[in-house]
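In order, the protein sequences belong to chains Y and D. 254 is the number that the numbering used here gives to position 235 of the first sequence; each next residue is one higher, with no gaps. 1021 is the number that the numbering used here gives to position 38 of the second sequence; each next residue is one higher, with no gaps.
Simulated from the structure, these hints should not be mistaken for laboratory data. Since the structure is predicted, the reported quantities are computational estimates derived from the model, not experimental observations. Mixed in with the good hints there might be a few duds.
Unchecked claim - Reference listing, derived: stretches of chain Y covered by chain D, where coverage requires no fewer than 3 residues with Cβ under 8 Å from a Cβ of chain D:
id	segment
1	44–52
2	75–86
3	140–152
4	237–246
5	249–262
6	265–277
Cβ coordinates follow ideal geometry from the N, Cα and C atoms, glycine included.
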Amino acid sequence: MISSQKQAGALILPATAMVVLFLCLPLVLLFRFSLNRFVPGEFMVEALTLENYARFVSDPYYTSALLTTVVMAIGVTALCLVLTFPIAMYMKRASARTKSLLVLLVFLPLFVGNAVRAAGWMVAFGQQGVVNYVLVGLGIVDAPLTIMYSPTAVFFGILSINLPFAVLTLQSVLEGIDDNASDAAMSLGATPFEAWRLVVLPLAMPGVLAAGVLSFILTMNAYATPVLLGGPQFRMMAPIVASEVLDQANWPSGAAVSFSLMGTTLILTILINGYVARRYAYQR
Amino acid sequence: MVKGNSPSELVGRIAFHALVIGGFAVIVLPLVLVVWLSFVSDAILTVPPDGYSFRWYAEMFRQPQFMDGFATSLIVALVATLAGLALTIPASFVLARMAFRGRDAILHLLMSPLIVPAIVIGSALYMMFVEVEIRTGLPITGSVWGLAAGHVLLTIPWSIRLVSANLVGVNPSVEEAALSLGATPLATALRITLPIVWPGVVAAALFSFVVSFGNLEVSLFLVSAGETTLPIAVLQYLQWKINPTVAAVSVLQIVVVGTGLLLTSRFVNLARTV
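Here chain Y stands alone, though its shape is the one from the complex (with noise of 0.2 Å):
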C-alpha cells in the first residue's frame, strides 16, 4: 500500500523529526551546556572545562548523594524482586477474572502519579498517622515513631511505585514458562521449593533481570517521593538536577550532574547485567 521509499519516509518523518528537535537537539544543548562555567551573578560563562564534572566526583555534597541513591536503588530493587515473584506466580495462577482484575490493580497506581502516592505514604507515615496509630493501638511501641522525612518512608514509597513495573515485567515471561516442567520436577520428587528454584527461576532469569534493571534505573531517577518522603535533608540525586537547574539557575552543573547519574546509570546497568549473566551461566 505504501507505493515508495518516498512516500514511506513522508510518512516515518514527522514522528522521527519530533524525537530529533524536542529529545536529540535538546540533549546535545544539555551536554555543551555541562561545559561551561558557572559565574555567580553572571549565570552561564562559555567555556570548554569538565570542571563541574571534576566537582561532581570529588564535592560530597554530590557523592554521598550518589551514594544515597545507589543504596536506595540496590536495597528498594532487592526487595522488589522479593515481592514481585510471589505477586507474578500467582497472577499467572490466577483464574481469567480475578487476573484482568489484578492487572488493573497493578496498572491504576502505575499512571497516577508519583505524588499522589507520596500523599498516601504521608498519611501513613504520618506522626498521626496509621502506622503509628496501629503500632502504639497494638502496644509494639510506647510512642509515635517518626517515620516520615527518613530514608525508611523514601525507600517504602519508591518500593511502592517499581513495584508495578517489575511485576508486569516478570509476569509476561512467566505466562510463557509451561507449567508442566515445575509438576515433571516435582512428580520426579522434587518439593515445591526446589522445583521453583531448579526449573522455574533459571527458565524466568531473563524476566527478574528485566524487572530488577527497571526497578534499579527507576530508583536511581525518582524525583517526586525522595522530594515529598525524604524531607529537606534527604538527597538523591534527581531532586539535585531539578534544584539546580530550577531554584539555583545553575545549568552547567545540572547539566553535568544529569550526565553523571546517566553515565553512573548505565554502568552499574552493565555491571549488573553482566554479573548475572555469569553467575547464572555458572550455575547452570
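Put chain D on the given structure of chain Y with help from the hints.
Same frame as chain Y, but now just chain D:
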C-alpha cells in the same frame, strides 16, 4: 501445583501468600489511604477521625490552583494525545509494514523518550526553550505549547508500540484487494485499514492521555507560576502540607486516570503493554 502436606511445605505456602498479600498492600495502600483521607471530616490528619464528610470535595472547587491545574492538564493531555497520534499512526504503518535500512535505528530513536530519565528530558527541554526564547522572542517557556510539545514526546513510544502491535496482525492482502478494485490509497487507509487497527488507535489515545495527564517530572520544568498542571499543583501543595483537600484533588486524578485505564483495558491486554 501439587499440594504437599509436610510442615515445611505448609510454611512455604504461608510465606508465599504472606509475600503476595504484603506486595499488593505496598502497591495499593497509598491509593486507599488517599481516598480514605479525602472523606475524613477533620481538617488535619487524625487517626481515628472524628467523622466523615464530603466537604473537602466542595472545598477543592474553591481552590483556584487545583481547578486551573485540572483545566491545564486536560487541555495539554488532549493536545498531546491528538498530536501524538497524528505523528505516530503514519510512522507505525511504515515500521510495521516495510523493511528498510535503518528501521531498527529509527524504532530505537522513537522509543528513546522512555529510556532517557524524565528529569533529564525536562531539564534539557527547559534549557532549549529558554535559549530559543532569548534568540527569537517567542514566549515558549512556561507556555501550554511548550508543555504540550514535551508531553507529545512522552506519548510517542507508547503509541508506536500499541498501534504497531495491532498493525502486525493485519493481513496486507485485504488492502491490496481494495486497491486492485480501484480504491485510492487514501480511501483504502481510511476505510479498510483504519477500522481494523481501531482498537490499537483507541488504546494508544487513552494511554497517551493517561501518560500526559499524570506526568510530573517533565512538566515540573515546563510550567510557569500561572500555568500549572494538576500533578504539579498537588506536588507543590504536598511540599507544604497534607490535608483532606489535597487528598480530594488526588482522588480526582485517580478517577480520571482510572477511567482512562478501564476504557483502555477493553481494547488491549494491559499486561502486554509495559
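Taking the hints in turn, this is what the structure says about them:
1. 44–52: holds (count 6)
2. 75–86: Our answer is that it is violated, as 0 residues pass the Cβ test (under 8 Å) against chain D, missing three.
3. 140–152: With 10 residues close enough to chain D, the hint holds.
4. 237–246: holds (count 5)
5. 249–262: holds (count 3)
6. 265–277: Coverage by chain D holds for the segment 265–277 of chain Y (5 residues, Cβ < 8 Å).
Checked against the numbered hints given earlier, the structure breaks only hint 2 and satisfies all the rest.
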